[in-house]
Each structure stands twice: as C-alpha cells, then as structure tokens.
Amino acid sequence: MTEDRKQSSLMDDGLDDAELDWHLLKSWETPRGIWKVIATVDHKIIARRYIVTAFVFLILGGMLAVAMRIQLARPEARILDPDRYNQIFTMHGSTMMFLFAVPVMQAMALYLVPLMVGTRNIAFPRLNAFSYWIILAGGLLLWISFALDAAPDIGWFAYVPLSGPEYGSGKRADIWAQMITFTELSALAVAVEIVVTVFKQRAPGMSLDRIPLLVWSMLVMAFIVIMAMPAIVFASSTLILDRLVETQFYNPAAGGDALLWQHLFWFFGHPEVYIIFLPAAGMVSTIVATFSRRAIFGYLPLVMAFIATGILAFGLWVHHMFVVGLPRLGESFFTASSMAIAVPAGIQIFCWLATLWLGRPVFATPLLFVIGFIVTFVIGGLTGVMVASVPFDTQVHDTYFVVAHFHYVLVGGAVFPLLGAIYYWFPKMTGRMMSERLGRWAFGLIFVGFNLTFFPMHILGLLGMPRRVYTYQPDLPWGGLNLFISLSALLLVSGFLVFLIDVLVAWRSGEPAGPNPWKAATLEWATSSPPPAYNFRRIPVVDARDPLWRYPEELAVTAGLRVDRRELIVSSVVEALPEARESSPRDSIWPFWAAIATSIMLIGSIFTPWAVVWGSIPIAVTLVGWFWPKGTAEDIS
Amino acid sequence: MKSTSALLLLALLVSGCTGAQSILNAEGHAAIELKELILWIICVCAVVWLLVMIALVSALVRQRDPDGGAISERKAAVAISGAVGATVLVITGLTITSFYTTRALSEASPAELTIDVTAQQWWWQFTYVDANPTRAFVTANELHIPVGKVARLRLKSSDVIHSFWVPSLAGKRDLIAGRENMLTLRAERPGIYRGQCAEFCGLQHSHMALFVIAEAQADYERWAERQRGVGAEPTEAEAVAGKAVFMAKQCAACHTIRGTKASGTTGPDLTHVGSRRTIAAGLLEITRGSLAAWIADPQTLKPGNNMPLVPLTGDELRQLAAYMESLR
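Respectively, the protein sequence lines represent chains A and B. Residue 161 in the numbering used here sits at position 161 of the first sequence; the count goes up by one each step and never skips. Residue 126 in the numbering used here sits at position 126 of the second sequence; the count goes up by one each step and never skips.
Worth double-checking, as some hints may not be accurate.
With beta-carbon atoms standing in for the labels, derived distance ranges [claimed, not checked]:
1. B:Gly304 with A:Ile70: 12 to 22 angstroms
2. B:Gly304 with A:Val245: 23 to 33 angstroms
3. A:Ile226 with B:Ala77: 56 to 66 angstroms
4. B:Leu39 with A:Ile226: 35 to 45 angstroms
5. B:Thr287 with A:Trp610: 56 to 66 angstroms
6. B:Arg64 with A:Glu554: 23 to 33 angstroms
7. B:Ala237 with A:Ala147: 25 to 35 angstroms
8. B:Ala237 with A:Met63: 55 to 65 angstroms
Hint data in this document are derived by calculation from the structure and do not stem from the laboratory. Here a beta-carbon is modelled for each residue, glycine too, at the ideal position from N, C-alpha and C.
Build out the structure end to end from the sequences listed, making use of the hints.
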C-alpha cells in the first residue's frame, strides 16, 4: 500500500454513528437506475430477487398441479391430452425441484448467512449476481418452451432411453438437460459462496461451536451441493452429447447402459432431497428456539445430525432403483443405509421436541408452521422407512404411495418450515410484520388442505394406482378418492392464496417491525429491519451462541475497517479470529453480461455443437471484463 | 386430521378388498407375503407416529413449573437418548423383518413354465417357451397361468424401460433394454388379476395394462393347446370377407395370424385375438363393436399409439371386426 493511499483511506475508528452511516452507505449502497440495479452485488437484493423468483415458480408449478388434479378428478377425462399431461407433470417436478425448492433454500441462505455470521456481504458477490441471472435464464428457457408446447415430456428424472435420441423426439429432452445445466451452475456458485462466507467471514469470536444452527444447516447443504451436482452435471452433459453428437453413453446396443443414467441421476437426486430438507431443519431449529424462549436443546447433537445426514445422503441413492433387478447383497446394503438415515432424522425431531418441552412456547404463526412440519414430516419420514424396505418397495414403488411419501417429505418437511421462515424473517427483509390473523388462516388452510390432498394418495397407491398416468379406467376403484383429492387440492390452493395476499398486503402496509420483533437471539436481529446496505454499522464481536439474549442491551463491536471502500473482516476457520481486512467487490454489470453470454452458448448448444465453440468467445470477453485488474490491494492483514 | 385419517383408513380397509389391481387384494404367494409385511410395517410406524404426536402435544401444552430447569434438562437428555435407542431398535427390527420377507419370497420349487415377456410401447408380448419349439406360442396382453404352479417370467424390453406389475400376485420388476430380469408368479387362487406398466414409458403409459388369468391346470392346458393352433378359418360370410380385407390392407404388415400369410411383428399377434378379454392392452373389453371402434379410430381411443388409421369403408370395417371376433 502506498503512502498517499494510506492517507486518503478513511477508517471507522474516529467517526460518530451518523457520520459512519453516511460514509458506509456511500460505499455500499446500490444507486438508483435500472443498470445500477442490474449491476448490484448486494447479497440482500440478490437474495430477495431469488426468493421472489422462486415463489413465482412455486405458483406456476402449483398451477400445473391444479391442472393435473382437474384431469385426474374423474376417470378417462379428456381435459388434457397425454402429451400435454406428460409435459405438465415433467414441468411440475422440474420446476418445483430445480427452480423453486433448491433456489429458494439457497436464497434464504444468501439473505441470512451473511447477516447471521455478522459480515457485510456474501463471499464472491459478483458470482452471486451471475448465479441469479443464470437460474433466471434457465427458468425462462423451460417455461418459454412450455408456452411453445415444446416442453420436456420425460419426467423430472428423464430416464433413458425414453429421453435418449431414439425415443425423445424434437428438442424437448435437450431443453430439459440444458435447463438442468443452468440450475447446476447457479446452485454450485451459491454453494461455494456459502462455504467461504461461513468459513472465512464470520464475526470475530464466532467459533464453529457458536455458529447459529441455520448457518450449520446451510453449510452442510452447500457441501452436499458441491458433491452431488457433479453427478448430474455429468449425466445431463452426456445425455445431451448422446442426443447432439451421437455418443453412446446410454445406448445398450452400442455398449452403453440405460441403468448408468439412473445411478448418476439418483446419486445426485437423493442428496437433492437433503439439499432441500437440511435448510428447512435449520429454519425449524431457529424458529423452535425463538418461540420456546430458550436456547435450542442439543446444539451439538443437532449439528452432528446435520452432518451425518449429509454423509448418509450419498449412501442411499439405490433405493430409487429397487425394482431394476439388482443383486440381493446390494439391495440389503441400501435398505440398511436408507433405514439408518432415520436415526439422525429422529435425533433432530427429539431435540426440537425437547426444546419445546423445556421452553415456554409462544404460538405465533412461524411456530404453527413448525408444529405442522413435525406432524407431517414424521409421517413422511416413516413412509420413507417403509419404502426403504426392498420387499415393501417392490409393491409401492412408482405408485401414488410414493407420490404421497415425497410430498409429505418435501411439502411437510421443507415447504412448511419455509413458510414459517417467511413469516419469521419477513419483518427483517422488509421492515414490516405479516398479519398474525391471516397467518393463522393460511396455516390452517394449508395444513388441512395438504393432509386431505396427500394422505389419500397413500391409499390410492396401496389400491394399485401407478404414478405418471394421465388417466385411469372407470372400472378401477380409484375414482372416488381421486375426486376427493382434487377437491381437497382447492383447499390447499386457497391456503396459499391467503399466504400470498398476506405477503402482498404486509409488503405495502404491514406494521413496522423494528430491529428485533421476535426478541430472537441471533445476529441478523442486531441491525435495523430491513438491514442497511452494509448490514452492520460495526461488525459485532461474539462470545456466545445467543448473543442478543446474552447481551440484550449492547453488543461488543470491532473497529478498524475502512469506510471509503467496501471492506470486511476475514477470520480464521475454527476460532473466527480476525485475520485480515478484505475489500469486497464493487457493483459490476459484467456478471450480467457473462450470464447472457453463457445462456446464449447453452441454449445454442441445444441446436448445434458449434455453439459451444463460438459461444465461448463472448463468454471469454465478459469474463475478461469481470476480472479486469483494478490495481488495488485486495486484502490487508 | 386424526379423524379424517381414521376415516380414510376405514375406506382403505373396505375398498382394499374389492380392488381388481390392489396390493391389499393379495392372491399370489409373493403378494400375500408382501401384504403381511406392508401391514405390519404400517402398524409399527403408526404407533411410532402416535407416540411422537403424544410427545409433541404434551411438550406444547404441559403445565410448566416455575423452577427445576436443570433437572428437566437432564431428564430431557435421558429421554432423547432413550428415544434414539428406540429408533435404532425399531429400524433394526424393520430391516431384519424385511430381509426375512425377501428370503421368503424366493421360490423353493422349480418353475413349471417359462414365459418371455417383452414390453413395448404400449403393450405386452408373451412368448410361452417350450423345449419343443413347435409347442411354443405367442400372445399379447393376457397371461394364463395354472394355479399353484410357479411361472417364471423372463422380462425384456424392446424399447424404453417398462415395469411389470400385477399387485395381487407379486411386486414389480423393470423391463430394461439390453438386460433381462426375472420374476416368478404363483397364484394361490384362481382369478383374473389386472396389472399395468409401472414405469413411465411415454405417451400411453396410462393404457398399458395386462391381465393374468390363473386357472386350474386342466383349464390352462386346454387354453394353451388352443393357443398353439393356427388362426381359426372363418365360416361366417362377413368374417370370410373380413379376412380378405385383413390380407389386402396394411394390417398384415404389422400383425401375425398364424396359418395365414399375415406375419408382421410390429403389433400384437392376433392369431387368437377373439379369445382375449380386452384389446389395446386392457383398454376395451372385446366385442365386435369395440373391435370395430378400435380399428376405425385407434388414435382417438389411445392417442399416440403405433396403430395407424387405416381408411376403410363401413362394410370393410364390419367385416374386419367380424373376422377378428372369430379368431378365438
């Protein structure tokens, strides 16, 4: 650092609060104007975009579900033809898994992790901006293809040979495979950001055993993403290679193997469930503690359970393949490992129950959703134990029993906590409270509607109704239950409508929230609602798991950061001892252009392999712009 | 919520006994074992769920004493350890039970007959294998087996992945191109058991049903003997004309009728189509009218299937349906 730079640098030591706020805002704020907004790298703005986008996809995916329920309400209905129906169930699964569930969980991490660990921005903020534009492009690709009646019709699992060059006609399977590539890119980028933020940007003193449980769950989720995504990257790339340039990875006639696809897909696909569930478990832990008015009981067992879940997640993909004809020994191993995951799941449930037992529960809407979560998720977990048994599974596999099972896990186990989390953190994100009255209505309708819709599906499965059928014949005894399910779905939809109305009304005119409306313990509540662009005026110092309960009056803070440029503290991995001041990247339009260039290349490659060659040139140009050296030191130890 | 699930469980028990294609309507050796296991595991899990719910409710509404926090924390730790221990016991028990069921499923007695099952979009071809190749025969979408005897199915696919599933008789097993899987069936009681493809296989996955007809040995032998024979020569005038239409139009290019020059293999073997219960993989019960409807407009009845619309006059259609019906 040269002498004159040192003189020009303005430190936060000597400034009073108002002056400090003014300088920090000047350095960190996203200016007005459309290009400035596109160029922003503020993790809160990007996370909010992600969350809103994900909820738009939830609504779209939900509308598809309603369309399917209308078609299935009576036998041999002709409202949707089989081609449209197959597109719709593929779109429903792909949208919910790739465009809603994973992004929304990661987005919650993007918003909350930097605040909860007490830093000013996510690590690699430009990558973060890039990741958002990428997933948006992937979602648009999928939904525009649907609008053009050319959407994938091969299921969200896209089994070969049905999705291969021989049977998957047109560009439908290619669109699916490239949509997956978009979501892989975005998910991997966010995962890396989360890991680095958690490991290197924690507030001084926040040693590993003081990290909030939500942050732990997001950290484990990020590691699962990093380890699971390569399998699907390989799978989707080889699928598109098979289709585009006639490689024969999945063609048995040419030495390929149809089952290879299933192994690769589920090696990713099963951990995917935990990518969605673990963040929800973190949200539950947070909400349970806050509304029990006490620290979570069993912090260490919970962290261990998260990690154990993350590891076991990679040992049970074969239970999706119990009827493909595997050797007996393999089946036994995967039965045992699938059953074993019930142990960490049980530990989590028991710790939450113990916290509720020991505390004094306050029945606010977030806690209601958590109670709904426990009721439904335990059902989903238990039916999971059922399908882990190979003989049991040979009967219910690919029936509505499984449809019921995974909706109990994904909706009961992840969407319920997510809705609770929205009620819980909405005040932080917007500065306004959602309505407690509408919240109760939303919870009641969603809980009852969900159970009435999905519980009967267990029975339909036992009565022999397979999945992914666009209709069934009148002489089969499924008509009554299907009609009942379709009507119940309306109740579920009305619950979501109440929720959306509540969100919209509260956003415009909700009660002001104040910094800590729930009297919670973690650092995100130590700043204003919504937080300023720089998150914290001064970075807090932490010596407890529940800093705001330990020090309700005033938190200890650090000093010594520059305020005339974006700077944050880099700390050590285990103890979170401050190691360096690091500059945090400024806003940049280049991630946006890089995302556009990448999207053009990926979409072009659906049609010609040459798109990869020529398309890489604009990408290279945008990356050069993105990483153009600024001539300033990045960090000062 | 609890009362609804109780109601639904009741509905399950009532309707479970009448279903033509139901896991709970178990009539085969494997399906009976599986039903026992399924009901047992469901009961165990229901008890576990109830216990967790009792814990949840009492955690939420219990009377709280103003002090004694430290003692409760210790109690909670003991309770959690106990609950985790119980979880381990339960899942170990279920794992072992499921291993034993798997073992009980394997057939001790050797197979009495072997049938090659070839699944394709969207119908089933059954080849009854015989040591003497002249006694082997081919049929479609309707499988006959003798009651109490072990039938060994060799499962293959000629296109995408399908799954053979007749829930009243046995669990399902996939049919995968480039692989051969095995499944054994043993019906304990005579009856007609519906099954259907359980792996998504494209447009008409929903209409890929089959029937397994389990009958007494003598009945089975009589059926098999008739199936081995060539297609019946029509006698009725309309059917005779129908045969001429069949041979003159594209029909013969895709279908086989043994004993005639029709020897196509793209579509189902029609040598004894009139003896089957249904047409188009369980879509319609066979009558002269439904045969005519199917031939006249297969794409409306089963959109996307591989049978083309063959332009026929009204007379030709009637004649063809009469011929098909006569192929018993």
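For each hint, the structure was consulted:
In this structure the supplied range 12 to 22 angstroms holds for Gly304 (chain B) paired with Ile70 (chain A), their Cβ-Cβ distance being about 21 angstroms. Separated by about 28 angstroms at the C-beta atoms, Gly304 (chain B) and Val245 (chain A) satisfy the suggested range of 23 to 33 angstroms. Checked against the hint of 56 to 66 angstroms, the pair Ile226 (chain A) and Ala77 (chain B) fails, with Cβ atoms roughly 34 angstroms apart. Distance hint check for Leu39 (chain B) and Ile226 (chain A): the Cβ-Cβ separation is about 42 angstroms, which falls inside the suggested range of 35 to 45 angstroms.
Checked against the hint of 56 to 66 angstroms, the C-beta distance between Thr287 (chain B) and Trp610 (chain A) comes to roughly 57 angstroms, which is consistent with it. In this structure the supplied range 23 to 33 angstroms holds for Arg64 (chain B) paired with Glu554 (chain A), their Cβ-Cβ distance being about 31 angstroms. Taking the beta carbon of each, Ala237 (chain B) and Ala147 (chain A) are about 56 angstroms apart, not inside 25 to 35 angstroms as hinted. The supplied range of 55 to 65 angstroms is met by Ala237 (chain B) and Met63 (chain A), whose beta-carbon atoms lie about 57 angstroms from each other.
The structure is inconsistent with the numbered hints 3 and 7, although it conforms to all the rest.
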